[in-house]
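Let the hints inform the model, and build the full structure from the sequences given.
Protein chains: 2
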Amino acid sequence: MRRFATERAKKLISSYHHQRSLLSSSQSPRFFTSVASDPSSVMSSSSPPVTLDTINPKVLKCEYAVRGEIVSQAQHLQQELQAKPGSHPFDEILYCNIGNPQSLGQQPITFFREVLALCDHPSILDRSETQGLFSADSIQRAWQILDLIPGRATGAYSHSQGIKGLRDHIAAGIEARDGFPANPNDIFLTDGASPAVHMMMQLLIRSETDGILCPIPQYPLYSASIALHGGALVPYYLDEAKGWGLEVSELQKQLKEAQSNGITVRALAVINPGNPTGQVLAEDNQREIVEFCKNENLVLLADEVYQENIYVDEKKFHSFKKVSRFMGYGEDDIALVSFQSVSKGYYGECGKRGGYMEVTGFSADVREQIYKVASVNLCSNISGQILASLVMNPPKVGDESYESFIAEKDGILSSLARRAKTLEDAFNSLEGITCNKAEGAMYLFPRIHLPQKAIEAAKALKKAPDALYASRLLEATGIVVVPGSGFGQVPGTWHFRCTILPQEDKIPAVVSRLTAFHEAFMAEYRD
Amino acid sequence: MRRFATERAKKLISSYHHQRSLLSSSQSPRFFTSVASDPSSVMSSSSPPVTLDTINPKVLKCEYAVRGEIVSQAQHLQQELQAKPGSHPFDEILYCNIGNPQSLGQQPITFFREVLALCDHPSILDRSETQGLFSADSIQRAWQILDLIPGRATGAYSHSQGIKGLRDHIAAGIEARDGFPANPNDIFLTDGASPAVHMMMQLLIRSETDGILCPIPQYPLYSASIALHGGALVPYYLDEAKGWGLEVSELQKQLKEAQSNGITVRALAVINPGNPTGQVLAEDNQREIVEFCKNENLVLLADEVYQENIYVDEKKFHSFKKVSRFMGYGEDDIALVSFQSVSKGYYGECGKRGGYMEVTGFSADVREQIYKVASVNLCSNISGQILASLVMNPPKVGDESYESFIAEKDGILSSLARRAKTLEDAFNSLEGITCNKAEGAMYLFPRIHLPQKAIEAAKALKKAPDALYASRLLEATGIVVVPGSGFGQVPGTWHFRCTILPQEDKIPAVVSRLTAFHEAFMAEYRD
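Chains as they are written, first to last, in numbering that gives the first Met the number 0: chain Y, 0 to 526; chain H, 0 to 526.
Honestly, the hints are just simulated from the structure, not real lab data.
Any given hint could turn out to be false.
[Unchecked claim] Only pairs whose alpha carbons sit at most 27 angstroms apart, straight line, appear in this in silico DSS-like list of lysine-lysine:
hint : chain 1 : residue 1 : chain 2 : residue 2
1    : H       : 57        : Y       : 60
2    : H       : 371       : Y       : 461
3    : H       : 60        : H       : 461
4    : H       : 408       : H       : 321
5    : Y       : 60        : H       : 60
6    : Y       : 57        : H       : 371
7    : H       : 60        : Y       : 57
8    : H       : 57        : Y       : 462
9    : Y       : 321       : Y       : 462
10   : H       : 408       : H       : 314
11   : H       : 371       : Y       : 458
12   : Y       : 371       : H       : 461
13   : H       : 371       : Y       : 60
14   : H       : 83        : Y       : 163
15   : H       : 57        : Y       : 57
16   : Y       : 83        : H       : 163
17   : Y       : 458       : Y       : 321
[Unchecked claim] Covered by chain H, according to a simulated footprint, are these stretches of chain Y (three or more residues, beta-carbon under 8 angstroms):
hint : stretch
18   : 199 to 209
19   : 341 to 355
Cβ atoms here follow ideal geometry from the backbone N, Cα and C, with glycine treated the same way.
See the structure below:
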């Protein structure tokens with residue numbers, strides 16, 4: 000309130016000066032009249048209807064580091080580079096802050112884009128030129144999809160959960176993946192996975208004493224959406240020494256502690272493969288987690304958006320639904336929500352905003368409430384819906400596009416695996432950096448063991464030490480990474496998240512720029 | 000809680016029976032063990048983690064009539080019709096419940112879809128076949144748009160507010176419309192207008208004592224989003240006798256009453272052209288509204304999604320921003336948010352989920368908070384962003400597509416005007432129905448003066464009388480309308496909302512079916 004009062008005072012002073020000058024020029028009677036006739040309206044016009052002191056404090060509290068201060072700094076540098084080429088020791092900004100593959104040059108999967116284009120403009124489907132421009136199976140798939148849409152109207156709102164026929168395709172894809180049945184009525188198509196996570200938080204969080212167990216480090220969508228919905232984030236720490244392992248004893252400990260503090264823990268969020276940590280859970284571990292949720296009566300929120308991104312032979316992706324069903328647990332045993340997105344995988348179609356959640360183990364009346372919330376926003380975008388169906392049902396052996404599709408897919412995934420390994424090795428070769436393997440997902444989360452002098456320098460600047468490191472890295476190299484403090488970490492440890500997404504021909508430069516910067520930074524602050 | 004206890008009791012009983020049968024077949028030791036070793040886990044497994052009693056009560060409270068009970072009834076009838084053709088006295092369901100033009104056969108604007116298809120699959124832009132399939136200016140526009148997108152990556156997340164170059168186009172479109180400058184940094188692109196409205200509600204509502212002035216009747220997005228964010232809807236009644244006029248005296252009265260009840264009124268929502276009421280505000284009226292918001296220090300939330308839908312010569316659309324600027328009010332004088340969508344107008348691209356809000360008169364620090372909330376969902380879908388830029392910058396005189404574009408646009412708008420008039424006349428010709436003109440938007444909101452016997456019959460069925468009417472109308476004709484009670488109305492009056500969207504060749508049948516039903520209904524319940 001003090002700031003508020005000060006601002007108002009400043010405004011009143013400037014109004015006074017303004018008024019004087021207006022009086023002498025005899026303009027703007029409106030202003031003068033309002034001063035004379037109604038002093039209360041001066042009050043109101045000088046205090047804006049919305050200030051930081053009067054907005055929803057939940058909004059103020061929410062943080063989202065992935066697009067936070069470091070990105071503003073990067074955008075500023077980018078403008079400087081454009082205005083004055085050569086003004087910095089690099090010629091481009093390399094955005095390794097966010098899992099946004101196509102922004103770094105990854106090409107979309109041709110088949111997917113062919114189908115999308117044909118569904119956007121179906122009147123070319125019958126034209127002979129189209130045969131020359133599009134693959135036969137993309138034309139066929141577009142017809143098939145259009146036939147699933149009432150009136151073939153790709154510009155109409157769909158069912159609030161998404162077009163039924165597309166949900167059938169997705170359910171079939173889930174069945175093929177898991178070997179267990181999937182029900183299209185359990186699928187809610189959404190504009191990417193983020194709105195689905197919000198929807199579940201909105202459903203589960205009643206007040207600040209409702210808690211959600213979240214991994215630390217975590218993807219800040221979780222902390223942000225819990226803050227926006229006014230709940231409590233109940234942290235459980237991943238064990239960095241065990242490759243970011245998820246220990247059920249830790250879940251148990253944090254649950255009990257939260258409960259003893261009066262928190263009603265409602266759900267457990269698990270990100271597998273991990274973000275920002277890149278670990279892939281072992282099946283045994285997943286079984287323990289399912290058992291834990293069942294015993295503790297928690298909803299299991301399974302963020303499985305990186306299900307296609309696995310880079311090590313010894314690990315496989317198993318959906319939590321498959322693991323639960325394999326354990327013999329059905330609808331009545333466990334409440335489970337699985338999130339999937341078209342933004343990740345080998346497709347990386349972030350800008351299309353497609354995704355879904357598969358909601359199982361909820362009663363019909365609760366499901367109706369989820370449906371109602373989905374209805375208030377009418378439906379997710381139809382191109383994103385179509386893409387979600389394609390991602391879960393890509394071309395099959397024998398389709399005209401199959402071979403080129405597989406070549407594109409394998410090319411992207413094997414390149415990501417090589418990039419992950421190269422960057423991991425590079426980080427581990429540096430003094431004072433240790434880095435777990437990225438078994439999956441799109442990130443490395445190296446730990447930086449900073450000299451005491453660097454920590455003190457950061458303190459003097461009122462910055463987290465890893466934020467100082469990331470900011471200096473950006474200034475020196477143009478590489479944008481996100482400080483570990485944005486994801487949460489064991490107090491006193493420092494990290495950053497770096498995507499593995501720069502194109503392969505740029506990786507050597509990334510490595511050499513990182514290395515040179517890091518050595519200089521360490522030398523500068525050596526104790 | 001009583002229901003909860005009853006459900007648990009029922010479940011425990013069925014568990015008991017289940018257990019007995021399991022014992023005899025000696026299967027599933029898991030269940031039995033958990034009973035024996037840990038009675039608390041029986042409690043937990045018999046009480047699901049989420050029930051109606053334990054979800055966020057704000058979700059329970061939220062209602063959204065446009066996709067409510069009447070739509071479930073319609074979907075049920077549609078399934079019956081498919082399974083058993085001829086089982087009802089109509090052969091199709093006509094969805095007049097929602098402003099979804101393409102679901103009723105409206106064709107998309109060719110130019111818009113050409114550009115979208117080319118942006119989805121840019122690799123065909125250089126191919127010679129493309130010249131034969133697409134107009135020259137759509138190819139040119141696609142190139143132009145791709146050049147605005149960093150790396151031409153239509154599959155990348157954009158800036159959280161939307162692609163800067165597209166916001167430039169939109170700002171230029173707003174300037175051309177209003178004759179006053181627009182700033183691309185004021186534009187936030189969103190997945191349709193609904194998420195933008197939610198974002199503002201989230202920002203403004205701190206607790207149940209924060210209120211938003213909303214018209215009654217209102218589009219239920221407002222009541223739903225206020226309920227979801229836990230605020231108070233402060234109603235102001237539109238004057239049906241004056242063509243759904245908006246009287247500032249009514250605003251003043253309701254504001255004072257809310258304030259005397261301890262409500263802090265934060266904003267005024269105005270829908271112009273009106274939904275569900277179809278009126279178009281006169282400029283003088285808009286000036287009074289702006290003055291009211293300025294004097295009372297309220298944010299003006301201007302829902303202007305029907306800005307292209309005006310059907311009477313004597314009315315024109317004026318944006319509230321234009322009116323404010325014309326009055327001499329700038330950034331420091333009034334906080335104003337204008338919502339626009341690609342779902343309405345002559346384009347009707349509901350399924351593309353494109354839209355924007357133009358946010359003016361907010362301080363930089365508050366704007367940063369809006370940016371942060373937008374960032375948590377990363378960005379709106381790129382096709383929707385592109386479409387929003389096209390809608391605000393359609394083909395111009397001299398462009399190859401211009402003439403066909405204008406023919407399509409005028410064809411749709413003039414047909415909508417004819418349909419609005421025909422349906423209005425039809426309603427007014429019926430006994431006990433009075434209907435204001437649809438000057439704009441996509442709806443009529445006729446009042447039904449129901450016989451006392453019908454009102455009593457509804458009461459006996461625990462239904463609102465207009466809900467009974469709508470349900471009976473659907474059963475008899477297959478026409479889906481939304482009961483007025485879903486929008487709010489003066490107590491004791493009854494209405495329904497009916498879109499003007501059935502294609503013109505279906506209008507005679509709609510009119511004759513409506514007429515026959517209404518006459519029979521009135522005869523059945525005549526006093």
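A quick look at each hint next to the structure:
{"no.": "1", "hint": "57(H) <-> 60(Y)", "in the structure": "20 angstroms, holds"}
{"no.": "2", "hint": "371(H) <-> 461(Y)", "in the structure": "21 angstroms, holds"}
{"no.": "3", "hint": "60(H) <-> 461(H)", "in the structure": "19 angstroms, holds"}
{"no.": "4", "hint": "408(H) <-> 321(H)", "in the structure": "24 angstroms, holds"}
{"no.": "5", "hint": "60(Y) <-> 60(H)", "in the structure": "25 angstroms, holds"}
{"no.": "6", "hint": "57(Y) <-> 371(H)", "in the structure": "12 angstroms, holds"}
{"no.": "7", "hint": "60(H) <-> 57(Y)", "in the structure": "20 angstroms, holds"}
{"no.": "8", "hint": "57(H) <-> 462(Y)", "in the structure": "38 angstroms, violated"}
{"no.": "9", "hint": "321(Y) <-> 462(Y)", "in the structure": "44 angstroms, violated"}
{"no.": "10", "hint": "408(H) <-> 314(H)", "in the structure": "19 angstroms, holds"}
{"no.": "11", "hint": "371(H) <-> 458(Y)", "in the structure": "25 angstroms, holds"}
{"no.": "12", "hint": "371(Y) <-> 461(H)", "in the structure": "21 angstroms, holds"}
{"no.": "13", "hint": "371(H) <-> 60(Y)", "in the structure": "11 angstroms, holds"}
{"no.": "14", "hint": "83(H) <-> 163(Y)", "in the structure": "20 angstroms, holds"}
{"no.": "15", "hint": "57(H) <-> 57(Y)", "in the structure": "16 angstroms, holds"}
{"no.": "16", "hint": "83(Y) <-> 163(H)", "in the structure": "20 angstroms, holds"}
{"no.": "17", "hint": "458(Y) <-> 321(Y)", "in the structure": "47 angstroms, violated"}
{"no.": "18", "hint": "199 to 209", "in the structure": "holds (count 5)"}
{"no.": "19", "hint": "341 to 355", "in the structure": "holds (count 7)"}
Consistency with the previously given hints fails for numbers 8, 9 and 17, ordered from lowest to highest.
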